[in-house]
Structures are given as C-alpha cells and as structure tokens.
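Q: Sequence:
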Amino acid sequence: MTKKVVIASNNAHKVEEIKTALSFEGWEYQTMAEAGIVSSPEETGATFEENARIKARAVYDITHTAVLADDSGLIVDALDGAPGVYSSRYSGIEGDDEVNNAKLLEEMRNVPENERTARFACVLVFIDDDGTETVAEGFIEGRIGHEEKGAEGFGYDPLFWPEYFDYSCTLAEVPQSEKNKISHRGNALRELKKYLSNS
Numbered sequence: 000m001t002k003k004v005v006i007a008s009n010n011a012h013k014v015e016e017i018k019t020a021l022s023f024e025g026w027e028y029q030t031m032a033e034a035g036i037v038s039s040p041e042e043t044g045a046t047f048e049e050n051a052r053i054k055a056r057a058v059y060d061i062t063h064t065a066v067l068a069d070d071s072g073l074i075v076d077a078l079d080g081a082p083g084v085y086s087s088r089y090s091g092i093e094g095d096d097e098v099n100n101a102k103l104l105e106e107m108r109n110v111p112e113n114e115r116t117a118r119f120a121c122v123l124v125f126i127d128d129d130g131t132e133t134v135a136e137g138f139i140e141g142r143i144g145h146e147e148k149g150a151e152g153f154g155y156d157p158l159f160w161p162e163y164f165d166y167s168c169t170l171a172e173v174p175q176s177e178k179n180k181i182s183h184r185g186n187a188l189r190e191l192k193k194y195l196s197n198s
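Under numbering that gives the first Met the number 0, the first residue of the sequence shown is numbered 0, with each subsequent residue one higher.
It is worth saying that the hints were derived from the structure and are not from the lab.
Quantities reported herein were computed from a predicted structural model and do not represent experimental measurements.
Even glycine gets a Cβ: it sits at the ideal position worked out from N, Cα and C.
Careful: at least some of the hints might be erroneous.
[To be verified] Calculated pairs, DSS-like style, for lysine-lysine (alpha carbon to alpha carbon, straight line, at most 27 Å):
(1) K192 - K148
(2) K3 - K193
(3) K102 - K193
(4) K18 - K193
(5) K192 - K18
(6) K193 - K180
(7) K148 - K180
(8) K148 - K2
(9) K13 - K3
(10) K3 - K180
(11) K2 - K13
(12) K180 - K13
(13) K102 - K18
(14) K180 - K192
(15) K18 - K3
(16) K193 - K2
(17) K18 - K2
(18) K2 - K102
(19) K3 - K148
(20) K180 - K2
(21) K13 - K192
(22) K192 - K2
[To be verified] FRET-style restraints, in silico, Cβ to Cβ:
(23) E24 - E114: 40 to 50 Å
(24) L104 - G25: 14 to 24 Å
(25) K193 - V110: 34 to 44 Å
(26) Q175 - E24: 23 to 33 Å
(27) Y85 - N9: 20 to 30 Å
(28) E49 - I92: 21 to 31 Å
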C-alpha cells in the first residue's frame, strides 16, 4: 500500500533532498502544489521547531495524511543567535539573499576571526496519518567569512565556511550532492529516518 506524504513546501531542491534521504519503500512524496493544497500560515514561532510545527499542522489539518515540514536558518554566536528564525528575512525583505548577506557582513564587520563561529540548524516535524508527531534536528558547524565565495547553493552558503572541510571552502563551493551528505537538513533527515525506522 502506498503511503502518501505531503511536504509542506514547494521548494523543488528541498523536496528532492527529502525524497532521496527518506527513501522508504512504498512512500510517495508530494509538494503542496502537487497535492492541490494552498497553505501559507504566518510563522510566528520563536524557534525553528515551533515554525516547522505551524507549517506541518496547517497542512495536516487540511489533508489528514502524513506531512513533513521543516524550518531552518543560520545561528551566529557573535550576534546572540541572529539571524535565527528570521534568516530568510534578516534584511526585512523575504528571500533576498543578496541583501541578507550584505546585512550579515555589515553586522560582522568588526568581529575577529576566532569569534565568527556559526552553525546552520534545521528542525523537521513529521506528522503521521494518525497524528503522531516526530521531531528531528540537524546542524552543521562553521564560521562566517569576510566576503561571498562560490556559486553553488543559496542563502548564506557563500559566507559559510564549514568546519567539516577544515574551513577550506564555503558551502557555496561544494556541489549539491556533497552538500546533502553533510548539511544541516541532510543531518536532520538522517536523524528522522533513524527515528521512524525504529518506531
């Protein structure tokens, strides 16, 4: 029997990553558009988990089938955790990577190298057909650079130097296939698969 899972997103890159990492036999993934769902609840949560739950619950209340939602962002230690849940609208303009990156660079202008530590975080909320909820999270540690480098990825990737690669490149210089193996979302998806496989 096919299990349908609606992904509370229409981001094609995110959907493809989820399909690859959560490859359970008999599971069929759909974007909201493919499922004929229009849902854009206001993300009023103070944490990534709260925002992911808001998105997941909004879709589940419509479909009453399995739903997966995520919320993610950049946490910079020198900025007391900012931009955090406001990562996609840090500049005040939703989804404008160029302006968001420019603001981050300006905020970090006088921060010394050893204090430029940061991490990407991703929290997933999975609601099964019966309403059972599973939460998983993933991180990738790194530092914030002084200028943008690389043409891969999106968001803050050109400014983020992962610890995993010994700070030798930015996330935007890593092919997507490699990024999936070490990214915060990839780590969260692997954690979720482990939880679901053992449930």
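Q: Now tell me, hint by hint, if it's right for this structure.
A: Hint-by-hint comparison with the structure:
1. A threshold of 27 Å between alpha carbons decides the hint, and for K192 with K148 the separation of about 33 Å lies outside it, so the pair is violated.
2. At most 27 Å may separate the alpha-carbon atoms for a hinted pair to count; K3 and K193 meet this at roughly 19 Å.
3. With a CA separation close to 37 Å, the supplied pair K102 and K193 exceeds the 27 Å bound.
4. A threshold of 27 Å between alpha carbons decides the hint, and for K18 with K193 the separation of about 15 Å falls inside it, so the pair holds.
5. Using a Cα cut-off of 27 Å, the hinted pair K192 and K18 holds, with the two alpha carbons roughly 11 Å apart.
6. As the CA atoms of K193 and K180 are separated by approximately 15 Å, the hinted pair is consistent with the 27 Å bound.
7. Straight-line distance between C-alpha atoms of K148 and K180 comes to about 20 Å, which keeps the hinted pair within the 27 Å bound.
8. For a cut-off of 27 Å, the pair hint linking K148 to K2 is broken: about 41 Å separates their Cα positions.
9. About 17 Å separates the Cα atoms of K13 and K3, which keeps this hinted pair within 27 Å; it holds.
10. A C-alpha spacing of about 25 Å is found between K3 and K180, which places the hinted pair at or below 27 Å, so the restraint holds.
11. Note on K2 and K13: the hinted pairing holds, with a Cα-Cα distance of about 20 Å set against a maximum of 27 Å.
12. Restraint check for K180 and K13: satisfied, since their Cα atoms lie roughly 14 Å apart, inside the 27 Å limit.
13. Of the pairs offered as hints, the one joining K102 and K18 is violated, with about 33 Å between alpha carbons and a cut-off of 27 Å exceeded.
14. For the suggested pair K180 and K192, the alpha carbons sit about 14 Å apart, so the restraint of at most 27 Å is met.
15. Taking the CA atoms of K18 and K3, the gap is near 12 Å; set against the 27 Å cutoff, the hint holds.
16. For a cut-off of 27 Å, the pair hint linking K193 to K2 stands: about 18 Å separates their Cα positions.
17. Between the alpha carbons of K18 and K2 the distance comes to roughly 13 Å, so the proposed pair stays at or under 27 Å and holds.
18. The suggested pairing of K2 with K102 is violated, with an alpha-carbon distance near 43 Å, which exceeds 27 Å.
19. Our distance criterion of 27 Å between C-alpha atoms is broken by K3 and K148, whose separation comes to about 39 Å.
20. With a C-alpha separation of about 25 Å, the suggested pair K180 and K2 falls inside the 27 Å cut-off, and the hint holds.
21. A hinted pair counts as satisfied when its Cα atoms are at most 27 Å apart, and K13 with K192 qualifies at roughly 16 Å.
22. With a CA separation close to 15 Å, the supplied pair K192 and K2 stays within the 27 Å bound.
23. A hinted range of 40 to 50 Å for the beta carbons of E24 and E114 is consistent with their spacing of about 47 Å.
24. In this structure the hint that L104 and G25 lie 14 to 24 Å apart at CB is violated, the actual value being about 46 Å.
25. For the pair K193 and V110, the beta carbons lie near 36 Å from each other, so the given range of 34 to 44 Å is met.
26. Separation of Q175 from E24 is about 25 Å and conforms to the stated range, judged on CB atoms against 23 to 33 Å.
27. Between Y85 and N9 the beta carbon distance is about 21 Å. The supplied range of 20 to 30 Å therefore holds.
28. With their beta carbons about 23 Å apart, E49 and I92 fall inside the hinted range of 21 to 31 Å.
Of the numbered hints listed earlier, those contradicted by the structure are 1, 3, 8, 13, 18, 19 and 24.
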